[in-house]
Amino acid sequence: MTKSILKLKDISKSFSGVEVLHRVSFDLQPGEVHALLGENGAGKSTLVKVITGYHQPDHGDIYLDDALVQFVDTRDSRQAGIAAIYQELSLFPDLDVAENIFVGRHPQSFGLKVDWRKLYDEAHELLDSLGVTIDLKQKARHLSIAQQQIVEIARAFSINARILIMDEPTSSLTLSEVAELFALVNNLRENGTAIIFISHRLEELFEIADRVTVLRDGNYIATTKSKETSRDDLLRKMVGRTISSQYPKTEAPLGEVVLQVDQLTSEGLFTDISFEVKSGEILGMAGLVGAGRTNVAESIFGIRPATSGKILINGLEVSINSPQQAIGLGLAYVPEDRQQHGLIPAMQITPNISLPKLDDFAKYTWILNKKEKKFAYSAALQMEVRARSIWQLAKELSGGNQQKVVLAKWLSTHPRILILDEPTRGIDVGTKAAVHKLMSDLAADGLAILMISSELPEVIGMSDRIIVMREGFITGHFMRSEATQENVINAATKDVRIENLS
Amino acid sequence: MTVETINKNQQENIISDRQARKSFFSIFLKWEWLLFVLILLVIFINTRLSPFFLNAINLSRTSSDFMEIGLMMLPMVLIIVTGNIDLSVASNMGMSASLMGLMHNMGINIWLAALAGLTLGTLGGVLNGYLVAYVKLPSLVVTLGTFAFFRGIAFGFLGDQAARNYPSQFTFIGQGRVFDTLIPFSVVLFIALALIFGLVLHRTIIGRQLYAIGNNEPAAKYSGVPVEKIKFILFIVSGFISALAGLVLAARFGSTRPDNGTGLELAVITAAVLGGLDINGGKGSMYGATLALVLIGLLRFGMGLLNIQSQVQSMVIGLLLIVSILVPHIGQQIRFLKQVKFRWQSILMTVGLLVVFTAFFIFFFWSRAPIIAQF
Numbered sequence: 006m007t008k009s010i011l012k013l014k015d016i017s018k019s020f021s022g023v024e025v026l027h028r029v030s031f032d033l034q035p036g037e038v039h040a041l042l043g044e045n046g047a048g049k050s051t052l053v054k055v056i057t058g059y060h061q062p063d064h065g066d067i068y069l070d071d072a073l074v075q076f077v078d079t080r081d082s083r084q085a086g087i088a089a090i091y092q093e094l095s096l097f098p099d100l101d102v103a104e105n106i107f108v109g110r111h112p113q114s115f116g117l118k119v120d121w122r123k124l125y126d127e128a129h130e131l132l133d134s135l136g137v138t139i140d141l142k143q144k145a146r147h148l149s150i151a152q153q154q155i156v157e158i159a160r161a162f163s164i165n166a167r168i169l170i171m172d173e174p175t176s177s178l179t180l181s182e183v184a185e186l187f188a189l190v191n192n193l194r195e196n197g198t199a200i201i202f203i204s205h206r207l208e209e210l211f212e213i214a215d216r217v218t219v220l221r222d223g224n225y226i227a228t229t230k231s232k233e234t235s236r237d238d239l240l241r242k243m244v245g246r247t248i249s250s251q252y253p254k255t256e257a258p259l260g261e262v263v264l265q266v267d268q269l270t271s272e273g274l275f276t277d278i279s280f281e282v283k284s285g286e287i288l289g290m291a292g293l294v295g296a297g298r299t300n301v302a303e304s305i306f307g308i309r310p311a312t313s314g315k316i317l318i319n320g321l322e323v324s325i326n327s328p329q330q331a332i333g334l335g336l337a338y339v340p341e342d343r344q345q346h347g348l349i350p351a352m353q354i355t356p357n358i359s360l361p362k363l364d365d366f367a368k369y370t371w372i373l374n375k376k377e378k379k380f381a382y383s384a385a386l387q388m389e390v391r392a393r394s395i396w397q398l399a400k401e402l403s404g405g406n407q408q409k410v411v412l413a414k415w416l417s418t419h420p421r422i423l424i425l426d427e428p429t430r431g432i433d434v435g436t437k438a439a440v441h442k443l444m445s446d447l448a449a450d451g452l453a454i455l456m457i458s459s460e461l462p463e464v465i466g467m468s469d470r471i472i473v474m475r476e477g478f479i480t481g482h483f484m485r486s487e488a489t490q491e492n493v494i495n496a497a498t499k500d501v502r503i504e505n506l507s
Numbered sequence: 522m523t524v525e526t527i528n529k530n531q532q533e534n535i536i537s538d539r540q541a542r543k544s545f546f547s548i549f550l551k552w553e554w555l556l557f558v559l560i561l562l563v564i565f566i567n568t569r570l571s572p573f574f575l576n577a578i579n580l581s582r583t584s585s586d587f588m589e590i591g592l593m594m595l596p597m598v599l600i601i602v603t604g605n606i607d608l609s610v611a612s613n614m615g616m617s618a619s620l621m622g623l624m625h626n627m628g629i630n631i632w633l634a635a636l637a638g639l640t641l642g643t644l645g646g647v648l649n650g651y652l653v654a655y656v657k658l659p660s661l662v663v664t665l666g667t668f669a670f671f672r673g674i675a676f677g678f679l680g681d682q683a684a685r686n687y688p689s690q691f692t693f694i695g696q697g698r699v700f701d702t703l704i705p706f707s708v709v710l711f712i713a714l715a716l717i718f719g720l721v722l723h724r725t726i727i728g729r730q731l732y733a734i735g736n737n738e739p740a741a742k743y744s745g746v747p748v749e750k751i752k753f754i755l756f757i758v759s760g761f762i763s764a765l766a767g768l769v770l771a772a773r774f775g776s777t778r779p780d781n782g783t784g785l786e787l788a789v790i791t792a793a794v795l796g797g798l799d800i801n802g803g804k805g806s807m808y809g810a811t812l813a814l815v816l817i818g819l820l821r822f823g824m825g826l827l828n829i830q831s832q833v834q835s836m837v838i839g840l841l842l843i844v845s846i847l848v849p850h851i852g853q854q855i856r857f858l859k860q861v862k863f864r865w866q867s868i869l870m871t872v873g874l875l876v877v878f879t880a881f882f883i884f885f886f887w888s889r890a891p892i893i894a895q896f
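Chains as they are written, first to last, in this note's numbering: chain W, 6 to 507; chain H, 522 to 896.
In isolation and in its complexed conformation, chain W is listed as follows (with noise of 0.2 Å):
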C-alpha cells in the first residue's frame, strides 16, 4: 500500500447539539477514485466541507501527507491543493472558457494589462494535457453541463490541485457525456491525482471507483474495494438492511384510456407527440436530456400549451391553458426541479401541502387553519415526511424529504393523472423504495401515471409500457416484456425519425 495523500481520524461534528459526524476516519492514496456512498443525511457533504474547511471539526484530526494540518477556511485547502467541484456549477456564464479557468487569476503584462495570448496559450495546453478539446473562445452559457464541468475541472487543476473532490458530477449528465467524463477521470487517476467521488448512482461506481466507503447516519460503516463488493452488500451497508426488490412493481388490472393524447407539436420543442395512459397503467417516459419529454408534461399541465394537437381526457377533448385547468380536470403535476418548481422552500410544509386545493381548506374564501393543519398532518404522517413538525419550513429538509412533501402535496388533489418527472432524482435510496412502492400502490388504485426518468432500470423496472423520445419526436415503444436497456438506450439515440408507433 502507498502512502496515502489524505488521512482523517475521528472527525466528529455537531450542528446545534445533533451530531452529524461521529468519529469518521477515511483516507485517500494519490491515484485512486474513492466514492463515498451513504443516504441522503447520512454525512457526505458535512464530510467534504471538513476537507475542504468550510467546517472545522469538533474532535479528530486531518493529516495532509501525513502531517497534521487545521483549515481555517478554503482557502487554506485550496492552497493545500484540495479543489471541490460540486452539484451546482459556479462558471460565470458570460467569460469565454479560457476566461473563466483562469477567472480572478488573468495572466497580466506589466500588471496593466490581461495578457490574452498568455492566457489562452496556457488554457490551451491545460486542457491538452487534460485531453479534451473545447472551444476555448466559447462563452460558457453556450457549453453544455458536461462541458462546463470539465472547465471546472481544468480551473482546479490550474491551481495545482492533487486532490479532486466531485460531489455527484454525473447527475444531469447524458449516457455519453458520461462516458466522456469518466474517461478524464481515468485520465486524472494515472497522472497521479486522488478523486473523492460521490454519487447516487451505485452502477456508476463500480465502473469508475477503485474503493468505496460507506457512512450511514453520520457514522462510518466500511471501506471495500469496489472489485471485492457487490451491489446489494453495498445497498445492505448502506440502508442498514436488505432491500429485497428494488422495483415493486406489481402487475395492476388496466382499465378505460384516462389521458390521451393525439399530435400534441410545440414549434421547435417538439413534434407529433401521440400516446394514451390507462388507469391502472404506469407509462414510462425515456430519452436522454433535452429529449423534450419534459416539455411534452408541462404542456400537458398548461404551464406552456401546445400549438397544435389534442388532449383528450376520459374520452373528451380538453384545452388546457393553465395549471388551475390541469388541476380542476385531475391532473397533477410533480416536476423535475423541485426547488424552482416543486417547492416553495421558505414556506413551512403545511401551506406547501395545501397550496394546490386550497379551496378544501376553506370557506367562502376563508382558510380554516384547524382543517388545514389536520389534513397537512395526515398527509405528512402517510407520506412519511421526517422532520420535527409540520411547521418546519421545507427548505431545511433533505431532498429525499422534500419530495415526500411534493408527493403529498399532489395526492391532496386526489388526482387521477399523475406526473411524475424524474421522481426520484437526487434523493436516498430508502426514499427511492418508498416511491417506487407509492407509485405501484398509486397505480393499483386505479390512477393513471405518466412517469418521466432518465434512470434506465427505473423506467424498466416500473413501467407497463415505455415510449422514447429523440429531440421532439417519438422514437420507440415498448411493451414491458419487450423493453432492455440496450433497446431503449438504441431508440433514445437513434437519429431515424419513426413517427406515431401505437
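The reader is advised that the hints may include incorrect statements.
With a straight-line cut-off of 27 Å between C-alpha atoms, the simulated DSSO-like cross-links for lysine-lysine are [to be verified]:
{"id": "1", "chain 1": "W", "residue 1": "315", "chain 2": "H", "residue 2": "750"}
{"id": "2", "chain 1": "W", "residue 1": "378", "chain 2": "H", "residue 2": "742"}
{"id": "3", "chain 1": "W", "residue 1": "8", "chain 2": "W", "residue 2": "230"}
{"id": "4", "chain 1": "H", "residue 1": "804", "chain 2": "W", "residue 2": "376"}
Cβ-Cβ distance ranges computed for the label pairs, FRET-style [unchecked claim]:
{"id": "5", "chain 1": "W", "residue 1": "99", "chain 2": "H", "residue 2": "878", "range": "35 to 41 Å"}
{"id": "6", "chain 1": "H", "residue 1": "551", "chain 2": "W", "residue 2": "24", "range": "27 to 33 Å"}
{"id": "7", "chain 1": "W", "residue 1": "114", "chain 2": "H", "residue 2": "749", "range": "52 to 58 Å"}
Don't read these hints as lab results, they were simulated from the structure.
Because the structure is a prediction, the values reported are computed rather than measured.
Here a beta-carbon is modelled for each residue, glycine too, at the ideal position from N, C-alpha and C.
Starting from the structure of chain W, add chain H where the hints point.
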C-alpha cells in the same frame, strides 16, 4: 393509498403537528413588538417635551394628515408581498383628483366628478397591471414610467390652475368627523379598509397565494396559483385606492392642484418597509406596516410641535428606516459571532456608520434649531 413503514426501527414518531415552542422572551424579539415599543417611547418623550402633544384635537388633525398615505399603503403591502412595487400611486392620485377638479370647475356634479376620478384611477391601475402581469415587464420600470405619465396627465387637466369651492358634503370625506366625536371620517375609512386588507392578506386563500408568489413565483404557478390574474387585480385595486386617496386629499385641502401628493409614494413605501416587509417579497405583515405608519405619524407630529424643520424630520425617518434594516442584520451578526468566528470588522462598520449618521444628524439639528426657533 398506504405506504408501509420501510424503516420502522429508525423512528417511532416521525413528525409532530405542533409549532416549535418559543421562549417567552423571543415573542418580544419580533419586529412588530419593537415598533410597538418605539411608538410608546415616542409618545412618552413627546408628552414630556410638549404640552400640546396629548391634545385630542391635535391628534385628531394629525391622524387625518396621514390617511392618504395609509390608504395607499394598504394595496402597496399586498403588492410588495408578491415581490413587486407600485411607484405610480401618488401620481395616480394627483391625476384622478385633477380630473375631478377639472369637471368640478366645468360645473359638473361633484359626485359624478368623483366617480369619474375613481374610474380614471382604476384605469391607471389596469394599465399598470396589464403591463406587469400579462406583458411581464418588471413592475419597477412599468410604474416608474406611469409615475411620470400620470403626473403629466394631471398637469394636462388643470395646468397651473386649481379647483376650489367643493361642497361641504364632499369635504366631509377629508375634514368631517363621525357622530360629533373627534374621530375623523377618513380615519374610520382607513381602519375599515385596513381590517379588510389585513384579513385578506392573512386569513384568505388569496393572501396565502400572495405569499406563495412572493416566495417562489414559478412554484406558485406550477401549483395552480393564478399568478397573472392576481397581479393584474392587485394593480387595479392599487389604482382604485390611489384615486380614493386623491379624493380624500382634495376633500381635506378643499382644493385640488395637479401637483397634489407629489412624493407621497416614497412615504408609502417607507412605511411598508419600516413595517417589516421584505422588498423582495414573501415576508411581512399588515400589522407591522400599520404600526410603522402610526410611528412615522407620531414622530412627524412630535417633531412638528418642536418646530423641527421638515427636512430634518425626513432625515430622522430616513435614519429610522436604515436602522430598521440594520437591526436584524446586527442580530444575525451576533448569532453568527457566537457560532463561528469573531467578525468584529463588520460590527465595527455597522456601529461606525451609525455613529457617523447620528453625529451628522446632531450637528445638523443643533446648528439649525436656534434659527428655526427665531421664526
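Tested hints:
Of the pairs offered as hints, the one joining residue 315 of chain W and residue 750 of chain H holds, with about 26 Å between alpha carbons and a cut-off of 27 Å not exceeded. Our distance criterion of 27 Å between C-alpha atoms is met by residue 378 of chain W and residue 742 of chain H, whose separation comes to about 23 Å. With a C-alpha separation of about 17 Å, the suggested pairing of residue 8 of chain W with residue 230 of chain W holds against the 27 Å cut-off. Our distance criterion of 27 Å between C-alpha atoms is met by residue 804 of chain H and residue 376 of chain W, whose separation comes to about 24 Å.
Separated by about 37 Å at the C-beta atoms, residue 99 of chain W and residue 878 of chain H satisfy the suggested range of 35 to 41 Å. In this structure the supplied range 27 to 33 Å holds for residue 551 of chain H paired with residue 24 of chain W, their Cβ-Cβ distance being about 32 Å. Our hint of 52 to 58 Å for residue 114 of chain W and residue 749 of chain H holds, since their Cβ atoms are close to 54 Å apart.
When each numbered hint is compared with the structure, no violation occurs for any of them.
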